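K.L.:
Residue numbers (numbering that gives the first Met the number 0), protein chains in the order written: chain A, 0 to 218; chain B, 0 to 571.
Check the hints yourself; a few may be wrong.
Derived lysine-lysine pairs resembling BS3-like cross-links, with alpha carbons at most 25 Å apart [unchecked claim]:
no.	chain 1	residue 1	chain 2	residue 2
1	B	LYS158	A	LYS49
2	B	LYS300	B	LYS379
3	B	LYS149	A	LYS51
4	B	LYS446	A	LYS82
5	B	LYS158	A	LYS144
6	B	LYS539	B	LYS507
7	B	LYS143	A	LYS49
8	B	LYS158	A	LYS82
9	A	LYS51	A	LYS187
10	A	LYS49	A	LYS144
11	B	LYS149	A	LYS144
12	A	LYS86	B	LYS156
13	B	LYS539	B	LYS356
14	B	LYS162	A	LYS144
15	B	LYS532	B	LYS357
16	B	LYS162	A	LYS86
17	B	LYS156	A	LYS146
18	B	LYS539	B	LYS485
19	B	LYS156	A	LYS49
20	B	LYS300	B	LYS282
21	A	LYS49	A	LYS82
22	B	LYS50	B	LYS287
23	B	LYS143	A	LYS146
24	A	LYS82	B	LYS149
25	B	LYS507	B	LYS300
26	B	LYS162	A	LYS51
27	A	LYS177	B	LYS156
28	B	LYS158	A	LYS86
29	A	LYS51	B	LYS158
30	B	LYS162	A	LYS146
31	A	LYS49	B	LYS162
32	B	LYS532	B	LYS282
33	A	LYS49	B	LYS149
34	A	LYS187	A	LYS216
35	B	LYS156	A	LYS1
36	A	LYS159	A	LYS174
37	A	LYS51	B	LYS156
38	B	LYS356	A	LYS82
39	A	LYS146	B	LYS446
40	A	LYS144	B	LYS532
Since the hints were made in silico from the structure, they are not lab data.
If you're wondering where the values come from, they're calculated on a predicted model, not measured in any experiment.
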Amino acid sequence: MKFGPYSVDFTPRLVFEDLRFSIDSGITHFWGKNGTGKTTVMNLMIDEIKQKNLEFSYINQNYRSNWLWWMTVRENLDFACSKLGLKYSSIEKVPQIQGQLDWLKPLLEGDKKQVSFNIQNEFSTIGLSGGQLQRVILLREILRKPKFLFLDEAFSALDKTVALEIAQWLVEQQKEYKFEIVSIVHNKNLVEAMPGKIYSFRTDFNNRLSLETSNLKDI
Amino acid sequence: MGKINTRQILFIFFWIIVILLWQFLGGLLNSSFFARPDEILARYADLNFWKLFGLDFVNTLSRLLIGLASGYVLALALVFASVFSFFLQDVLLQLNRVVKYLPPPVIIPISILFFGINDWAKIFVVTFSVLVMYLSFLIEILQKDILGYKELMLSWKVKPVEKFTKFIFPVSNFLNYRVIPSLIIWSLGILIITEIILGGQFGFGVRLLLTQQLYQTSNLFAYIFLILATAFLVEKLLITYFSRFKKDLQKNLAGGIILLAVLASVIFQFQATAVQISSQKRKMVTYKGALNLPLIVYKEKFNTLNFDLEFVSSGLQAMDSLQAGRAVISGYNDIPNVLAGINKNNDIKILSQAVEKKEQPLLFLITTRDARLGDFKNLKNSKIAYYPNNPVIQKGLDFVLLLGGLDTSTVEYVSSNDPTSLAQSLASGQVQTLLSLDPYVADSEGKLGVKRLNDKKTAIAGIDADILPLAGLAIDSAKLSSSDQKEFSDGLDKSIDFIRANTDQNFKAKGELREILKKNQLNENSSMPAFEKNSEIVPKNMTNLINLITTFGIDELKGIAKDDLTSLYIKE
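Turn these sequences into a full structure, and let the hints steer you where they fit.
P.N.:
See the structure below:
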């Protein structure tokens, strides 16, 4: 699918005009230093997708805002399934979840929430670590089988091994369900684990953005 | 049990010292103004105190809970409706921006217009207050807490109804812990203010004002501590069982059932009261004060027509109730109020009066300065309080002082509808002179060791009146048949005879009258023999008064015809 043309003038921070590119290889990485406009371009793509009324899912840098903190892990996943019209007697029966039960099952037990009240009736954040939360959010979004999955540093809270494990799992899911992943990462190993097209974001002295395709060895 | 550390010992020690100091310093102060801990504890040992507190508690709590629940549900309903329409959402936002700046007590007069002076008016004020505050809270959730989920809601294609059921409601329910406690204390505060203003039979606000007016200071302090405890318990229970009701009810089912049973009984009790209030029983409306003794005695002893007696907080409100048709009898109210009522509604007539007579004065002047009757020069530059609070009394007083040689342009007059507060102002030195009625004057005399200036002569002699009507009992003649008028008039005469028969030479109550006063929480030393029976009313007594009124330009009374003053009265 072709995206653009996009023009932005955030002088002096960032400027680009008539930016055009295409996403069609299954997995696309936006690679570049901080402040080169990766998230800005991703947001412009999402706006375009919204206008075209296509299914999408977006896990942004502030991944906590993707999590319905007032619901338990089970309720979050159930809600995602209900939006798809999936009817299972329990979330454990969903095929995609069956391979994940070793780490997910403890979280599904005991109505675990991200937030809770302590004995003094004060609001406190317990129950789920940042890494667990990010992992469940990724799982939940895949369950929804979107046409486009936008990942903006969606592995930031995960340890290296788990991040690579999930990246490989994402690749499998992408192959099976044929959706487009657009990802912003700063870890070469993750790019390697999720082979696809790489767009390098570079800005010149005037902070003018240029976009070019790169190979893994060039980045 | 954990080990008690030094900090805790210091803490306990600190509070023991505070209480001991309170006890010791309290002993140095007048107990009418300050209660000591032992006096407060003694109140808690009195069963009657608890009976009264129970009734006040049930009444106030019922109003509070019904108001809280109505405001809460209405706010949620409005936000629920707004998720279906951006236009409605914008209207709600705009409305909230404006209405949140409206202090809730300003709604009290409107609630009186809508509902009259009754429980529903009080509930309406609480409902409105809770609605405004809770709506602000929900809109904040809509604009801040939920706004972050805009992308997610869009990508998930969340339906409007889901926006409410899956987002707004659960989030607000979850965050209630931070708003419900403030909401409870705040709405209880608004309710108590409303109860103080609207009066009534029971309620925390009603009792607080009464205990202050009757110098029942230890009761007042004891009540304040109980209100504090009540607010604490209500907050804890509501937070525990309702702000996160789903989970907590599962965990504490037994407690929840008990609480629901208590709530149900409170509401049942309230409904029983409400049915009684809204029943067709005809009403007499008055405010608590010695001047209204004949009505109180009538209700207790001679109520053959089975009237209800409702207490409001001022004569003005009592007269408003009569004019609005919510009562058939009102009194004894200040004469200008009564005349204003008659001027607007020809069916309102005077049936009985409380009068000031030269040989039997009611109004006394008392001062902390060196002054004597006929020579008021030393009152120059002083602050002078007067009661009853009406302009005629003020002008009459002004005239008398002027005749006594005082340049009255140098004095400042103050007044209120609460004679006790004025007497307290004299005792505390905020005013230097007071014109008032007994027992308030006698109380001040006792405390300050000063004598009334006009022990034998009336203070109104200066305005050339032998008899000055102070207050009148008014009835709506259109709503009472002539036989009922006659029956009521006879009963009232009996009441007045009873008061006279049970009053000693110093105008103090004795025997059964004393018990009636006690039962109605009126000062036991405040009986007044100055009531005129229907048959004794002489319309010409009113002439001087109306002359004064028209001289001083009270516009709304200008329509009163002086040539036929009999039209103001019920004719026998």
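K.L.:
For this structure, which hints from the list above don't hold up?
P.N.:
2, 4, 6, 9, 23, 38, 39, 40
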